[in-house]
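Residues per chain, in single letters:
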Amino acid sequence: MAETGTAPGATPVARPPALAVGPLGWLRTNLFSSWGNTLLTLLILWGLWRVVPPLFDWLVTSSLVNVASSQECRGAGGACWAFVAEKWRFIIFGTYPADEQWRPSLAVALIIGMMLFSTWRGAWRPWLGLVWLGGTAVVLALLWGGFLGMTYVSNELWGGLPLTLLLTVIGLGAAFPLAVLLALGRRSDLPAVKAICVGFIELVRGVPLISILFMASVMFPLFMPAGVTVDKLLRAQIGLILFAAAYQAEVVRGGLQAIPKGQYEAADSLGLSYWQKMRKIILPQALALVIPPMVNTFISFLKDTSLVIIIGLFDLLSAAKAALTDPAWRGFYKEAYLFAGLIYFFFCFFMSRYSQRLEVELNRSRRR
Amino acid sequence: MAIDVRREVPAPRARGSFLSDPKFRSVLYQVLVVGGVILVGWYLVNNTLSNLARQNIATGFGFLGRESSFAIGEHMISYSAADSYGRAILVGILNTIKVSLLGIVAATVLGTIVGIARLSSNWLVRKLALVYVEALRNVPLLLQLFLWYAVITESLPGPRQALQPVEGVFLSNRGFKIPTPSDHPAWDAALLAFLLALVISWIVQRRSAALQARTGRRLPVGIITAGLVIGLPLLTWGGFGAPLVFDVPRLQGFNFVGGATLTPEFAAMLIGLTTYTAAFIAEIVRSGIQAVSWGQTEAASALGLRPGLTLRLVVLPQALRVIIPPLTSQYLNLTKNSSLAVAIGYADLVSVLNTSINQTGQAIEGVALIMACFLTISLGISIFMNWYNKRIALVER
Chain A
1 MAETGTAPGA
11 TPVARPPALA
21 VGPLGWLRTN
31 LFSSWGNTLL
41 TLLILWGLWR
51 VVPPLFDWLV
61 TSSLVNVASS
71 QECRGAGGAC
81 WAFVAEKWRF
91 IIFGTYPADE
101 QWRPSLAVAL
111 IIGMMLFSTW
121 RGAWRPWLGL
131 VWLGGTAVVL
141 ALLWGGFLGM
151 TYVSNELWGG
161 LPLTLLLTVI
171 GLGAAFPLAV
181 LLALGRRSDL
191 PAVKAICVGF
201 IELVRGVPLI
211 SILFMASVMF
221 PLFMPAGVTV
231 DKLLRAQIGL
241 ILFAAAYQAE
251 VVRGGLQAIP
261 KGQYEAADSL
271 GLSYWQKMRK
281 IILPQALALV
291 IPPMVNTFIS
301 FLKDTSLVII
311 IGLFDLLSAA
321 KAALTDPAWR
331 GFYKEAYLFA
341 GLIYFFFCFF
351 MSRYSQRLEV
361 ELNRSRRR
Chain D
1001 MAIDVRREVP
1011 APRARGSFLS
1021 DPKFRSVLYQ
1031 VLVVGGVILV
1041 GWYLVNNTLS
1051 NLARQNIATG
1061 FGFLGRESSF
1071 AIGEHMISYS
1081 AADSYGRAIL
1091 VGILNTIKVS
1101 LLGIVAATVL
1111 GTIVGIARLS
1121 SNWLVRKLAL
1131 VYVEALRNVP
1141 LLLQLFLWYA
1151 VITESLPGPR
1161 QALQPVEGVF
1171 LSNRGFKIPT
1181 PSDHPAWDAA
1191 LLAFLLALVI
1201 SWIVQRRSAA
1211 LQARTGRRLP
1221 VGIITAGLVI
1231 GLPLLTWGGF
1241 GAPLVFDVPR
1251 LQGFNFVGGA
1261 TLTPEFAAML
1271 IGLTTYTAAF
1281 IAEIVRSGIQ
1291 AVSWGQTEAA
1301 SALGLRPGLT
1311 LRLVVLPQAL
1321 RVIIPPLTSQ
1331 YLNLTKNSSL
1341 AVAIGYADLV
1351 SVLNTSINQT
1361 GQAIEGVALI
1371 MACFLTISLG
1381 ISIFMNWYNK
1391 RIALVER
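Residue numbers (the numbering used here), protein chains in the order written: chain A, 1 to 368; chain D, 1001 to 1397.
Just chain D, with the same shape it has in the complex (with noise of 0.2 Å):
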């Protein structure tokens, strides 16, 4: 007859006092940490306000409401010294957007390019790419921007003298000027058929795939994708006569007018931002792609593959599972780096609340905002980062 042991043994009894019991111990230990958190918050909150009582610094964000005073040099959205101090922090958030996407698209492209190179049967075009990646790795970022910008600013001739490496296009010490296709119905006709295109050819896709999954075959998307996102455009602005309306850059006494122009600042931060990362990206690009055994190469080629589609169809997918969680720190990094555009002039979020502090003297609500602006950012790049992460994640039966 089985006996139930369980039984036998009595149930465990707290031996001695309850100091000994691990639930009150876990509580004491907690109570102990967040009363010492406090205690400490408290002290420095109350230091604080004796501080700012003695110094008369207003508290609040109610500064952000009075004129600012202080020009921009770049904004995306109109702004001028009259405006308050809460546009002058939206164009500041603005700039800091503006440079990190383009920073992040740039990035990502480069350092794809070199993190293939890296792995080039070319033992030039290897070699290139590691000294490319060691060199820019190992330097700090701000001296590499410091450079980029005295190079610009010291380096390229005046606008007199600008270097034109293509017709309409000049590089000079007041930053970069390029042509813009001016006001013209035709241009913004064009931009709706590009749109409308890339829209089409998702269907299709959609379509091609449903159509492969129920009987094998295949749409040729490709061809169809490039010749309605490259065509359906170029036959918009055909209908409209094809005008070639430019809004090209020309020197007008001592500088230029027309075209759009890329400041020294933003050009620099730009070139710095986008050239340190690739050089991140490259590395995680490359270590993403040596992920994917051997096997599946040389699996795919078995099937047939030619080695572009083997890259596309079967080591890109796989590699991508590996490449994406690190990318998306890079992709923080950068945003985070773009702060930096304070030590160059760049009017970022950063350099606009610095000098915002500078003028009212409220540090805490500056620090704050500056804090609470990038977390958000940060957030929200994570989210969409996760997102894709999730989408492509592999799907197990």
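Same shape as in the complex, but just chain A (with noise of 0.2 Å):
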């Protein structure tokens, strides 16, 4: 049995049957392990046969991209990808005046790339809040202009993709310090002060985001001294802000809840203050926690500043809805959603991906 190169002495090892490894074995054990399993399959490749090649004839094949007017789309049977070509510009900028176009690409830029450093885990330090806020002042002082030679532009005028992050960033950031402050007030001794953040809390969370947007947007104005107007941009960003934070303030709360009572107590015996004692012993602790779950609360904020559309602000999903009132480029509404969704799943999937991972990561590190 040299062929085999077992050493000599050995017992002989038996092959496995050619039926249990490699490629075949995969087939045998991923889809065919059992008279129902492999009828299942056959079900599913039927279906996937059925819809995968219409679907890609529509998306691909028949598909048209140069068009000269948009007439040529209708009678075509596939995706008028000309309406996204046509269209793109306006998508994802909404009206900014198009020769200032770079400055929201760039700020977009800012902020992604600002992301993906906070990705980076050496750069979790409190200096990274601060990159956070000069970068956000700097994208603000890009959009807005107004120095350099750049012309201003209004804030009625910016939408699209910039305006979407820009409330998500803004919104998450704001938040934080309050719902951190949330957070202890409803895990603190005094009782009116735990009743009052309770009450926030529950709340807020207890309604829909929509009936704070028109609160921010119909009631607001009215809580104003006569002549002081607030823009309707704040308004809402206002109204974000207060709902994002009774979220994570639940979040922070999970964290302040897993420290053990020993740390308080060793903290106390220390003679800490109060405040000494949460800024030096745990918070430092409980925010390391929360951090996979409050990516999750991220990324339900960046899908719900959608709804700005419904208070009438310009965000991503508005511009999209809005070229579709095109009357040259109307019904093409799979190609404007199907683009402005790719968008929206490209900024979540990347987030949730990066919170799942983060999670093993540091589970492995907690447990050794």
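Please keep in mind that the hints were generated in silico from the structure rather than gathered at the bench. Mixed in with the good hints, there may be bad ones.
Result set (DSS-like, lysine-lysine): computed pairs, CA atoms no more than 27 Å apart in a straight line [as the list claims (entries may be wrong)]:
| # | chain 1 | residue 1 | chain 2 | residue 2 |
| --- | --- | --- | --- | --- |
| 1 | A | 280 | D | 1023 |
| 2 | A | 194 | D | 1023 |
| 3 | A | 261 | A | 194 |
Looking from chain A toward chain D, a few residues come up when the C-beta cut is under 8 Å (computed) [as the list claims (entries may be wrong)]:
| # | residue |
| --- | --- |
| 4 | 192 |
| 5 | 310 |
| 6 | 337 |
| 7 | 340 |
To give a feel for the contact side, a few chain A residues facing chain D, derived at Cβ under 10 Å [unchecked claim]:
| # | residue |
| --- | --- |
| 8 | 22 |
| 9 | 210 |
| 10 | 295 |
Every residue, glycine too, gets a C-beta built ideally from N, C-alpha and C.
Each of the two chains sits in its own frame; use the hints to bring them together as a complex.
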């Protein structure tokens, strides 16, 4: 049995049956392990055969990219990517002046850059907050302009992807300190403080985001003293911040509850004051624990910003919807929503994969 | 001789001023916080009142009794533009509850199927379920609702060329038409028989459990229940001579008459809410089943239970304990998400109140009503799910 490579004297090793290893073995265990499974596989393959080729044909083979006018698309049996080719600037940048669109492009690139930078764990230091603060200021300055030869662009003209990302970033960033305070208040020994925090958190979490945005758009002007008007964008942003704060507060509370009681007692016995205890002992541990669930709230918040369409702001989804109102290009809603949906998907999928990986990595170090 | 050490130590006395007294400080902080909140609240209320007075906007809920003078497309109770705002809002609440309840049931069924498919031993099934979950979870619900609504109103043919997937069911851009049983005592009797069968099955189940506890024998509960629930209504219906009377939709002029209608708005809401929430429920079901340790399954097979029984008697009861709390929050999310109906024109609570706010200008009352209604509905779902959670919770001896 020299050809099987067995050492002399050892028991000869029998080769596994051909159907248990290799591609055939994979097929058998994963697709045809039993009669039921075989039937299921064949059924799904038949379904895929019915669905995938026509879909591919619609998406690619019969689709049109270069057309003289939208009329050409109407008769065709495929997707009209010419619609996206014609409208992508409008969907991504909204009504921002065409000559100045390098500015929102740069702003989006800056935000994506900061997101990528934050995925690096070496950057998880207190100065990361300053990076985001500075970066957001630069983004706002870029969008507004009015200096260094850049013309001033009023924020009523902002729209599309930069607006969606800006609402998300500012909403999450401003909500975070508020959320930490609310979570601390909810765990506080002072009954009045606790009641106020619980009341706020549960009220906001119990009602739909739309009602908070309605409140921001129709009730907020009534709250202000006579003569003071607050911009529509800022009002929506305040509503979004309050909404995000309540949800983040619950995540932070989960982290605070996960810290063993001994840590609190040890800090007390060292004679630390309440704020010293929280700042130096509890919060650094609790916040590190809640990073993966926090990323999940970021994802749902990014999707939730699409609701600002209802109070008339011009974010990515509104821009896609508005692109469809052009009489020449009416009816190509599949292309429009597919395009906008893919952009949302890109951001959300990236974040959810990152949070899953992070959870595994952080747990690995904790288990050791 | 033991010395009581505690006697030796003098009781701690407040050093310095009363400012270092923790009790005093706690009271001081709370007074400061509450005072601040009251101050801000008073400032806002004061501004609001002066603004309202300046703009001549009436306050109070008096507008609820006035004539609404707007029409609502679909209503479960009779309603016309001559009815009051209060009745319009009631119509909206009922519509919200209708779409939420149906959505919760459908999303639970679909989500459970997809969640179990995520763990299938079949590679294709597993991957298809994964693609479904990732595709729906990572795109805003509002975008999906717009897409569904556009698919129904723009891509489906008109009533005259309506698609007919099953005899009597029509899909067109005016909505979905389905046949309904027409007025006949046989149907009412069958429904009564069905409810009776449910009650009897429940009693049989109790009896069987008691019998098993006493003697170890079990009645064939599954067969009895199935026989009762299917057989009894059928027998009753047969007793009336098995009348096949259906109100089948048929084309008359440019639209359908007869049967029941799912409006495009309602259908889009229901499909969108169901498919979106099902993606989240699928992940909850998957992680719940995975949370039950593999040893439980192995122990069940070692006892000789078949895979189906293992799932039903061993894995699912344990998985449910993990599944119920996050499932509750998904139900709440679905209910709150039903407020997106305002974007595609389904007459739910929010869109009715939105119209009322635009007509009366009474924004504060309108938003307060929206919030109060949703808080009540959320509270109702929470109470029910907490009761259920307590019922299935582990009873430790």
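Right, here's what the structure says about each hint:
The straight-line distance between the Cα atoms of residue 280 (chain A) and residue 1023 (chain D) is roughly 24 Å, inside the 27 Å bound, and the hint therefore holds. Under the criterion of a C-alpha separation no larger than 27 Å, the hint pairing residue 194 (chain A) with residue 1023 (chain D) is consistent with the structure, at around 16 Å. Taken as a hint, the residue 261 (chain A) and residue 194 (chain A) pair is honoured in the structure, with Cα atoms around 19 Å apart against an allowance of 27 Å. Hint on residue 192 (chain A) holds. Least Cβ distance to chain D is approximately 4 Å, under the 8 Å limit.
At about 6 Å, the closest approach between the beta carbon of residue 310 (chain A) and any beta carbon in chain D falls short of 8 Å, and the interface hint on this residue holds. Because the smallest distance between the Cβ of residue 337 (chain A) and any Cβ of chain D comes to about 5 Å, under 8 Å, the interface hint for this residue holds. Using the Cβ-Cβ criterion of 8 Å, the hint placing residue 340 (chain A) at the interface with chain D is satisfied: the shortest such distance is roughly 6 Å. A cut of 10 Å between beta carbons decides the hint on residue 22 (chain A): the least distance to chain D is about 15 Å, and the hint is violated.
With its C-beta approaching chain D no nearer than about 5 Å, residue 210 (chain A) sits inside the 10 Å limit, and its interface hint holds. Look at residue 295 (chain A): its Cβ only gets to about 13 Å from chain D, farther than 10 Å, so that hint breaks.
The structure is inconsistent with the numbered hints 8 and 10, although it conforms to all the rest.
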